[in-house]
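Chains as they are written, first to last, in this note's numbering: chain A, 18 to 638; chain B, 18 to 638; chain C, 357 to 702; chain D, 357 to 702.
Keep in mind that the hints were calculated from the coordinates and are not lab data. There may be inaccurate statements among the hints.
[Unchecked claim] Partial pick of chain C residues on the chain B-facing surface, computed with a CB cut under 8 Å:
1. M357
2. D574
3. S698
All C-beta atoms in this analysis are idealised placements derived from N, C-alpha and C, irrespective of residue type, glycine included.
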Amino acid sequence: MTSYFEVEQRDGAARIGKILLSTPIRTPHIIDTVSLKDPAGPFADAGSMWDLSAEEALENIRKIRELSGDDTILILPHQDLTPDVPGDVAETIAKKIDMEATGPIGRIYRHGQDVKKADLYIMEGAGSFQGNARKFMQRIIEIREKIAPDTALYVPNLCTPANAAMLIYLGIDIVDNTRATVAGYNDIYLTTSGSYFVDSMAELPCRCDACAPITLEELREMPKADRAEILTRHNCNMLEAEVVLARERIRAGNLREYVEGQCRVEPWLAGLLRLFDTQYGYMEEHAPLARSNQLLATTSESMTRPEVVRFARRIHERYTPPETDILVLLPCSAKKPYSISNSHSKFIRSLGKNRRYVHEVIITSPLGVVPRELELTYPASHYDTVVTGYWDAEEIKWVSSCLSEYLSKNKYSHIIAHVEEAYREICEIVSKELGIEIIYTSSGNVTSYESLDNLKNTVSGIVAEGEFGQNKPRSDLMRAIADYQFGPGAGELLVPDRSKIKAPFPKHQVFIDKKQIATLIPQYGIIALTIDGTRLLAASDDYEGYTVTIDDFLPRGSLLAPGVIDADERIRTGDEVLVKGSKAIGVGRAMMNGKEMVASTRGIAVDLRHIKKADKDKDKD
Amino acid sequence: MTSYFEVEQRDGAARIGKILLSTPIRTPHIIDTVSLKDPAGPFADAGSMWDLSAEEALENIRKIRELSGDDTILILPHQDLTPDVPGDVAETIAKKIDMEATGPIGRIYRHGQDVKKADLYIMEGAGSFQGNARKFMQRIIEIREKIAPDTALYVPNLCTPANAAMLIYLGIDIVDNTRATVAGYNDIYLTTSGSYFVDSMAELPCRCDACAPITLEELREMPKADRAEILTRHNCNMLEAEVVLARERIRAGNLREYVEGQCRVEPWLAGLLRLFDTQYGYMEEHAPLARSNQLLATTSESMTRPEVVRFARRIHERYTPPETDILVLLPCSAKKPYSISNSHSKFIRSLGKNRRYVHEVIITSPLGVVPRELELTYPASHYDTVVTGYWDAEEIKWVSSCLSEYLSKNKYSHIIAHVEEAYREICEIVSKELGIEIIYTSSGNVTSYESLDNLKNTVSGIVAEGEFGQNKPRSDLMRAIADYQFGPGAGELLVPDRSKIKAPFPKHQVFIDKKQIATLIPQYGIIALTIDGTRLLAASDDYEGYTVTIDDFLPRGSLLAPGVIDADERIRTGDEVLVKGSKAIGVGRAMMNGKEMVASTRGIAVDLRHIKKADKDKDKD
Amino acid sequence: MSLNKAVLDIRNRQRIKPSSNDYPAAVWRSTDHFNGETADTLTIIFKTSGCWWGKAGGCTMCGFVYDSAKIPPTPEELEKQLENAMHKGERLERFMVKIFTSGSFLDEKEIPVETRKNILGKLAADERVFKVIVESRPEFVTDEILKSCIDALGDTSFEVAIGLETSSDNIRKNSINKGFKFTDYTNAATVARNNGVTMKAYLLLKPLFLSEKEALEDIVKTIDDVAEHAQTISINLCNVQNGTYVEHLWQRGQYRPPWLWSIVEILQRTKQKHPELVITSDPVGAGSKRGPHNCKKCSRDVSDAVHLYSRTQDLRVLEELNCECKDLWKKVLELDDLTYGSPILD
Amino acid sequence: MSLNKAVLDIRNRQRIKPSSNDYPAAVWRSTDHFNGETADTLTIIFKTSGCWWGKAGGCTMCGFVYDSAKIPPTPEELEKQLENAMHKGERLERFMVKIFTSGSFLDEKEIPVETRKNILGKLAADERVFKVIVESRPEFVTDEILKSCIDALGDTSFEVAIGLETSSDNIRKNSINKGFKFTDYTNAATVARNNGVTMKAYLLLKPLFLSEKEALEDIVKTIDDVAEHAQTISINLCNVQNGTYVEHLWQRGQYRPPWLWSIVEILQRTKQKHPELVITSDPVGAGSKRGPHNCKKCSRDVSDAVHLYSRTQDLRVLEELNCECKDLWKKVLELDDLTYGSPILD
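Chain A extracted, bound-state conformation (with noise of 0.2 Å):
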């Protein structure tokens, strides 16, 4: 049981946590190394086994209990092996250090071995792996799976400025000042944007407390154990704030943009996130839902991020276009939501009142193609992206990739393209490779009245052809953000036919029988239900998930993980989710995925909004 660390706040795996000890201590957090053999010491080793005996290890324990009593992290007594070990001397060691304790302990994770439980396990080897991306990532992802989410990572004699960003951003939520302290003593000068020897600076480019009042030469002309208190104290500073400035970030859910830039440090990094990026289960079940900021497309690897493959696998998954046979493809704009930028008003304009029978897709890199229904939907209103014109051979790649699934899913009697450039050879790679005909309507400038004239003739021209499906704007959006968030057919359920879209784009109410279902939340583009709708959709036979099931009780204003029965593995941290126990139905927003959910011992599971006793003739009516 982990009662001695929660999380309170993720920003994809990386977190903000609360070591529970009488001065609790806030995560990511940087344990002073040598504090680590104080007994009194809120974290304090109980010592080797290569040179304890069983009855000294024990001796140790008692001391550290004896001193501290609960309000010490104690690190179980340990034998350490380098990564890589052969598996049997793990075993045999692992045997015979089958040490516990009471109160609060760290462990040592040993690949290979089974692990117990503890409320901070230490990666072993952990520095062994600087510069090994692929075994990191591995070992990292491994370990996650293995230990309760609400436990705390140690990784130790790894750290330094410039990677510190890169280790939280992974959700790693304590290191050391080993590497910092040793760079001191060894004359290395770290920063963010790596490390210098004193010998070959010729300026010291920081302001912080140990530089500030001296100057390069006076610290090379300083006796060498003065020079090394300094320089560590630098570098200690440096690290510092390097993870404050990680848990700012974390805050304020922006910390994968940061990475984004601070991993060109060093060509390890850059690969950790590249190699990250491809696990998408890893990355993806820790992504929110949406979030409130900016999502900053800067860099090839913005192409990857999850919250951007999500979009695109939602898209394929769970998506389905209203019942339009002519398709409009259109190119994306600088200003969101799409429909109300200078250029899209005037392909709308265009439309005019044949617009009611086409469906519009917007195609955008990195997102790759966005329904005009989901224009709103987190990112595809949130991103930035660098404007220069030129679309590189991947984005192309993955954008048309993107548009071609959608084509080889979604059937439309006639798909129009009125793109240029960039957009247009997509739209082509796209054609050839289905042998479907897309007719474009752009002559040079999407905005041109040359090329407005034209789309609006070629659609009105179709649609005098023959008899096409209307589609019905607010509904077909409502249903579309629906089906995104919870699953193919629960568009269908919140927004039948018979339901009525109240108040104007982009504030819209679905309401069934003049009951109001769900609404949707403009900042997100996402849907909030009602005690109504949450009831429509948990009484269902045609529906199931997003679901937290709970004990017999009726909880109020925040659900705890301990009350958690079961979640819905799907949840994600920001998901709207339905809270069904034996006592009580209710509806909130999910503050940790829905595996956290069900391991955590710890922590805020959902925030509610709305929460009723169960009646269960209400629940049928």
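With the hints as your guide, set chains B, C and D onto chain A.
This is chains B, C and D only, laid out in the frame that chain A set:
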């Protein structure tokens, strides 16, 4: 004449310079904006003609010079306009404000107006370019083309800690703290990774002397004026630290790597980097021939950096393969030079005695293709890249285009590709595109016994079939480098068939008739000429180039820019250059590019290694 | 391209919405300072064929040209406009009338001579109207025209208002593109004085290109220069009007409207120096991004205080004003002078 | 995978270069401490069929197995090896002979009983040889074998050296894979004492996985433990030998050889406590990346001092040593204990 500014060190377009006042000022420099109003300061503004009469303006000039003599850069009276102002207004005002002053002066650079001599130019309306990458790029390139290279460029009201490194990278010498100050008074906390409203923060992620003594809570509770002062001090600390860091990076020659990460902070900065890379002329002309550091290729923009593109272009334009009809294409290795890597040792062993009939070319990202002879030459032996096994579409496109260009120009009777995965994909693309046959010899793993055996047998099979030209690895290597460095034809001249190569790889020396002509510098993979080699090139009717023409004097040690009459425009910093004048002949290392040598009035143009009295008889032998 | 051409290009891209010529472009009631007291005012903006200067390009900040009529109104229509406007004043007991067109009321091309006489005559006939103020460019302030007006008005007070903007010909030409000189104004003022007509000068705080400080000091200096040539001074705070050159640059981050703290300082300094002058300011659009503004917290309060001062001419109402953003404004005064062509934005 | 299997896998990947069986694997002259004086030593490493333990896997740090012969030498060849080795001692007047094989000299499978007797007999016959030291694993130190050796040697002193490495069975097993226990050593020492044979214990400073501090303290403790069971203690500083498991981990950044400062401290502390013992150390490969090292500046000086001390047993030669890197080493002692499985690299 720019008697008051000198460029001392360069890294791409970025430079470290010195403003030559009685206390010299190191650039890149941050002006404390308010100090511009101090008539005795190092930079003194003579005022705005929007509110001064001509007489008042002249009086200001007189006052400044009276107070500080020529020990201040006097910014001539100006009447500022914003960038989008109509040309006529600009013209009218420019005519009206035709002021002059003695001593060091600064002038407004106004788009469309003639440039008059000055020591410092101020980009008019620079602050308005924030966010507009294309216009800013055009303005910078325009200014740099119009003003003398050894004048300082000041960009006011634009610099923040987040964009400082980029501004400096693009060639800006002077910035100010206007934005840092205004942000401080706006309760905005600046960092190199972006800005934060103080109200939305939870902790201060900084250990500077403004932040270290206080907590965020204390800061928030202060009276506004005190808070603004502390925030401003912090913001200016960050700015200063960033500018010092940029200076250190220029000295180390790796500002580009930093900027490739740092530009992710704001999309327009990433846009600037991409747009500037499209300006190959501007970027390449400032890129040094070689650097002693690693070139870190961690992002897609690494493919477009000028050193990389130049290498590819020179392979295409300057390189001629030896007369060997069998080509073996090989994958690159992490270890450099490739030939000392494990995998290449195996390839070479497999080729065995047939190696002399074979030309080896390595396929690699981001460099494209590297003939074995140039594997030592910067950056072929100096790059480190992100290894994940995945090549993105842009990499494949770029490397394919390099290989395709190479094979279009250089013909072989047999092409063997001993490659796998992306390398093979690239070979197949090119094979299909050019309709040429490629024999693949690897089956699954390029270093498996089976694959190596196949390579060996394939090559010996081909060799057994006919008569093939043999290569001479040592002279081929020296000739290829000579062509790469001095242009086509230089190789023939410096390494003729009768020449001898002494000393083992990679410390080759070229001798002709027992006279040493040239030496290979293994660190950069480039050639240094002896005075005999210099005479050989200089006296040839078949070669012209990389020559600096000087007046009728005999320089010693360093050749200063004012002594240069003419210089080859192809000369880059770090190039080996011939120095010729009526009284002297010599050779040395270029310390600036050819254009700068001609246009500069200060600074070292060439660091001379050998210099002799011009002796017409000797020159003829 | 010349400044005038640049302004004209923008003008030509604007659409003027068609509307009835029977109604004025705008009419509203407000209160104003008059002889030490607060008086009711009816402001009428006539819809005319438009400002001749504006039609040829005109001033960089002026969006009133779009208030002009698509088809020039007939004299009957103009008089109908007055009639309709006066309905707004029905409940007032005693009031001034301020007349604007989108150009010059005294320009015969906008308001034919006879119509002008009729309009003024009708106002003179209304007992409740004790004063009439008309706006005009200075070239129309001639002996002949003034005399004709005075004739029509009888004993109703008459005042002519001119948009001088600044006493600096440099600024008026290169920043505002106003098309006349300071001497044109002073000549007009002399004509007015000779005819016993009072003068009101409209000034413009913060035209394009000027720093906050330069703009502030320009108004202070202008008031010194104009003190002998006007009885009332009204300071317009530049705001970003649709279809203007100012808007064009503002959209590109190249213009910021003035701070309200600047007008506060101007009023304090100039009124103390020229207690005899009525100095007023009506911050239009105050607090919005397009209008003069401080921070969100204080813009409304400061703007209200400026209004109150304008009505009362009592400097004490400005004394208590303060806000955290005043420190920022002081910094801006210092630094905006040294940006060499780009404004300090919020 | 077991540690032994891991070591064996690496062994199997190594090629042993063929060479003549007539010559020993190595032979060299050096000086050593003997009874308070410096004495000449001839060290001979016989090429034999190899260490039985090493062939089955063996010790993690031992690369000597590759010194064994590809084809097992005949008894004649072994005696020829001695003959050839003794040429190196031709000019010496009085000296000790140290005999190593890549395994155990006392193992009959490496050196047949008769050959052993012949070799020892020949040495006994050489007047200049006053002492013979042979290395062996403890299992071969039996009454029978020792007696046979003493017989062959006559009055030439005889000493048996055993690579004990550490008194910790835990470390010897889990880090070194030595394959015997401390009691095996003490039993052998008892046998030796009973036969009047002196004992020399080889210790290993810094086997795999131990921190710098743990390694240092382990040697200090081992010397306490072994003091009664040996007359001479020789501390080997672990170096990275080709084809060893240590090398495998070192190449992956998972091992760092010991600091020379550590051996200095060990010598100072243990010699003071056990003045009766001869405690020596010969830092092989000192200063290189694969060998024990401090920084580049001082490695050679410190290593020389350790050598000098080993010959003289005079602690004063260690007193003056100092360098800037000593502060770093002290920090490493503190921190390397707390890295949980990765060494602190330079």
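Structure-based check of all given hints:
Contact between M357/C and chain B, as hinted, is supported at the beta carbon level, the nearest pair being about 4 Å apart and thus within 8 Å. Against a cut-off of 8 Å between C-beta atoms, the interface hint on D574/C holds, since the closest Cβ of chain B lies about 7 Å away. A least Cβ separation of about 3 Å between S698/C and chain B falls short of the 8 Å threshold, and the interface hint therefore holds.
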